[in-house]
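Undergrad: As a plain string of letters, each chain reads:
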Amino acid sequence: MADAPTMVAANPARLQRGWRLFLFYTSAVLLTGVVSLLFADLLWRTGWSASRTLLLVLFTVLFLFIALGCMHGVYGFFLRMFGTPWRITVLSKYRDQDISGTSTAIVFPVYNENAVRVYEGLRATYESLQKTGQLERFDFFILSDSTNPDKQVEEERRWCDLVRELDALGRIYYRRRLANEGRKSGNVRDFLNAWGRRYRYFMVCDADSVMRGETLVDLVKLMEVHPTAGMIQTVPAVVNAESLFGRLQQFANRFYAPVFIAGLNYWALDQGNYWGHNAIIRTEPFMQFCDLPQLPGRKPFGGQILSHDFVEAALMLRENREVWFTYDLEGSYEETPQGIIENAQRERRWCQGNLQHGLVLFARGLRGVSRLHLLLGISGYLAGPLWLAFLLTATWIRWFQTYTGLSDIPPVHAYTRFLDFSGTAHALLVFIICMAVIMLPKALALVELAYDPERRRAFGGLERATLSVVAETFFSTLHAPLLMLWHTRFVIANLLGVSVGWSPQVRAADGTAWSYAVRRHWGHTLIGLVWGWFMWWLGPSLFWWFTPVLAGMVCSIPLSVFTSRRSMGARARKLGLFLTPEEIAPPPELVALRANMKVHELTADTTPRRPHAGLAEMVLDPYVNAIHVTLLREKQLNPVYAEQLAGLGVGTAQVRELGERLLVTGPDKLTFAERLLITSDAQTMVWLHHEAWLRPGESLAPWWRASIREFSQRDES
Amino acid sequence: MTGIGALTDASGHLAGRPLEEWNAAYEKVENYFHALRVRNKALLGLLVLRVLERAAARAPVEPTRSATQLAAEEMDRLVTEWFGEVLQASPVGSDQALSTRGRLALLLADMPGRWQGQFLRPGPWPEEFVSAMRESFLRAGPDFQLSKMTPRPLDLGPIATLTNLGRIPYLRMILAWTAFALLLIGIFWLTHGGFAKVMDWFMQFYR
Chain D
1 MADAPTMVAA NPARLQRGWR LFLFYTSAVL LTGVVSLLFA DLLWRTGWSA SRTLLLVLFT
61 VLFLFIALGC MHGVYGFFLR MFGTPWRITV LSKYRDQDIS GTSTAIVFPV YNENAVRVYE
121 GLRATYESLQ KTGQLERFDF FILSDSTNPD KQVEEERRWC DLVRELDALG RIYYRRRLAN
181 EGRKSGNVRD FLNAWGRRYR YFMVCDADSV MRGETLVDLV KLMEVHPTAG MIQTVPAVVN
241 AESLFGRLQQ FANRFYAPVF IAGLNYWALD QGNYWGHNAI IRTEPFMQFC DLPQLPGRKP
301 FGGQILSHDF VEAALMLREN REVWFTYDLE GSYEETPQGI IENAQRERRW CQGNLQHGLV
361 LFARGLRGVS RLHLLLGISG YLAGPLWLAF LLTATWIRWF QTYTGLSDIP PVHAYTRFLD
421 FSGTAHALLV FIICMAVIML PKALALVELA YDPERRRAFG GLERATLSVV AETFFSTLHA
481 PLLMLWHTRF VIANLLGVSV GWSPQVRAAD GTAWSYAVRR HWGHTLIGLV WGWFMWWLGP
541 SLFWWFTPVL AGMVCSIPLS VFTSRRSMGA RARKLGLFLT PEEIAPPPEL VALRANMKVH
601 ELTADTTPRR PHAGLAEMVL DPYVNAIHVT LLREKQLNPV YAEQLAGLGV GTAQVRELGE
661 RLLVTGPDKL TFAERLLITS DAQTMVWLHH EAWLRPGESL APWWRASIRE FSQRDES
Chain R
718 MTGIGALTDA SGHLAGRPLE EWNAAYEKVE NYFHALRVRN KALLGLLVLR VLERAAARAP
778 VEPTRSATQL AAEEMDRLVT EWFGEVLQAS PVGSDQALST RGRLALLLAD MPGRWQGQFL
838 RPGPWPEEFV SAMRESFLRA GPDFQLSKMT PRPLDLGPIA TLTNLGRIPY LRMILAWTAF
898 ALLLIGIFWL THGGFAKVMD WFMQFYR
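Those protein sequence lines, which keep their order, are chains D and R.
If you read the first sequence in the working numbering, its first letter stands for residue 1, the second for the next number, and so on.
If you read the second sequence in the working numbering, its first letter stands for residue 718, the second for the next number, and so on.
Note that these hints are calculated values from the structure, not bench results.
We put the CB at the ideal spot given by N, CA and C, even for glycine.
Nothing false has been slipped in among the hints.
In silico lysine-lysine, DSBU-like type, Cα no more than 30 Å apart, as pairs:
id : chain 1 : residue 1 : chain 2 : residue 2
1  : D       : Lys574    : D       : Lys598
2  : D       : Lys574    : D       : Lys442
3  : D       : Lys151    : D       : Lys598
4  : D       : Lys299    : R       : Lys865
5  : D       : Lys669    : D       : Lys151
6  : R       : Lys865    : D       : Lys151
Calculated from the model, a selection of chain D residues having no Cβ within reach of chain R, i.e. all distances over 10 Å:
id : residue
7  : Leu79
8  : Ser476
9  : Pro540
10 : Ile584
11 : Ala585
12 : Asp605
Using the sequences plus the hints, can you model the full thing?
TA: Take a look at the structure:
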């Protein structure tokens, strides 16, 4: 590794954090306390009962969650309006820092991803970095965990093309593991075990990440001037959304996130968090301290830690390394799911990972701030079932009141009777406060926009931004009940150790297909209708209070379909809604990315691929076969991989026999493991290439003859 | 020009084989050169004919082999020999390393795009082409610097106690027996006046 950094910054952040934490969380608790008291008083009016106690407890917990969100917005707003020196980018002068002695690996862990998008994102990042003149300080790695042979072949072929096109031999590398043990964290660990010691820093990117070259260089400089920093997490801007849902999420991310993250940074300071990608990490302490232990017990809680990022940050902090957010560093991008259902799929994975953090929450030695990060992550998913429980309890109370014939007239005086509230006015006041607490950060983001001409322009003007906020709020009101139901299902399934089945997404030309939306949402619609009917039966007055929740459920199918459409996203854009800075003035990296993706879209071969097409290409294509075999031979140089290959049975006579069977009977007659063994054996792959082309067609399985014919025709086209 | 150069014989055969056989052989060789992205049709035709000539020369002395087999073998031999000459490497080797290296070199030197005219042509070749072929290499990663990350022990605190409960021997059996005992107690209590008490309590609880 390169020499030690030359500039060292003092870090007084730790002295600051204690009272900041106290102030921040006390604000949220105070607000929660006052409003909960008001709510308790409302319940007191109708006579106390056990169910009301439950309702009050649920209200208090839920209100605390939204109060914390609100405080992030409020604190963030003031910090952005009046500025703060407590940012890693202003704590020291880093711009002139020399990074000539550094080495940084930019890694892209991928798992059966869209290879075109991954490689074009890498290309955009690479070319942007090239323009900084600092390219030689960085190496790029595509760390594949792909199990689909079609994907494997495509990744290898496209890697070779990319390397040739960018003249980046020895700068962009490709490595595929034989078994994806430990998933993404295992993938990164495998990289570190093989090459980690070569690099002072490494930067993890997601399959959809794009980074500006200057930002990468800045991150390295920041690490250099802050030698105690273990991780620096950027705040990725969501970009490239086209569907209405995607653009709504993108707008929300770009418009509200800066305020929230500024608030988060207020209390976290040098004990921030890691979100798993678009972050730079100091390799040596990461390798030393952040390897994840297996959790005791059985799945879903025991075993491997799924959401590794939070825990890795906590382990880094445990060893007195700093973790910072750089929310003011632009040029870090990611993408978002384009539909409600795809978003829920992602939520399902994150839910399990976050709930698992419950096991780590009380681990000895972790810093209190780390526990807060973990707790906030968990609460994000527990809020759904708690909210549902709150609504069900409220329904139950109402039903019981109707069933027993009890009067609505308050039997006791209100605690706040001196305010001279009617019961309805009292309920309305609580409701308005709740809404205000939820809406305040959005309103503050608008106020900030009004005072910042540059930001105003970046979002298409105050008027359009205001309309966008209103429309986004309307949409999130409808979307929230769906998330509530989904989160409840995910949490319950995880607690019971049951896997939530999820069939592959069925997409129409322009988004989610109606049939798929019906399959995924019929339950939501039914719940909404039955619940709505029940509330109406109990009394129209309460029904109207529930309409925002019920409307989202009842309309879930059309909502899901229409918001997934690109045409709807384009229409909203034409109306000037949900504009973001990257849409109005796209940075060069994104322009290049979009242009290249468009070329791929227009030239893509859309003919359906035959089963095992990847295997056919791996064997028949002279170039793909050569690339694949070369990669396999190189793998043998790493003793760990060589051992794994030997463990699979590579190099034995059995593989050649399997190869013979493959030629004579075709791939369908072999198991997945057998095919994997064949494609992992370099000698057999060369032999297969030779035999498939040299043998007379009659001695090959019909599948091979068809593949050769198809292969030749494809090449002609 | 012993085979292809000669016209068909009186029986309509070419080098002693029916024309259909040569047609199949032609297709086989053409397909492979297609796969190597030799796009120029004139060149492609010439290269295929060159292979077929070699196959036709062998045909009379190897009557048991089909024209396709002979052509495929000649194509492989021709290509591998040419790789050996360009790369200055021996074509011997059971693992056909030269074939792999040669194909990779063709790709990295951009034969399909820049050097189609040089493919299978006897030397001398342009210096740029030769150096592009000989210097081409593909590296999936830099030199390994192996190490082994090992997780540090993480004391989970009170949670560990809970997770350790699962390790009690016969825990499930004990839990099942306990549940059964509780069920019996519950049935007894409910059938001895407990049910009425529950209903009373229930009504009071939710009032």
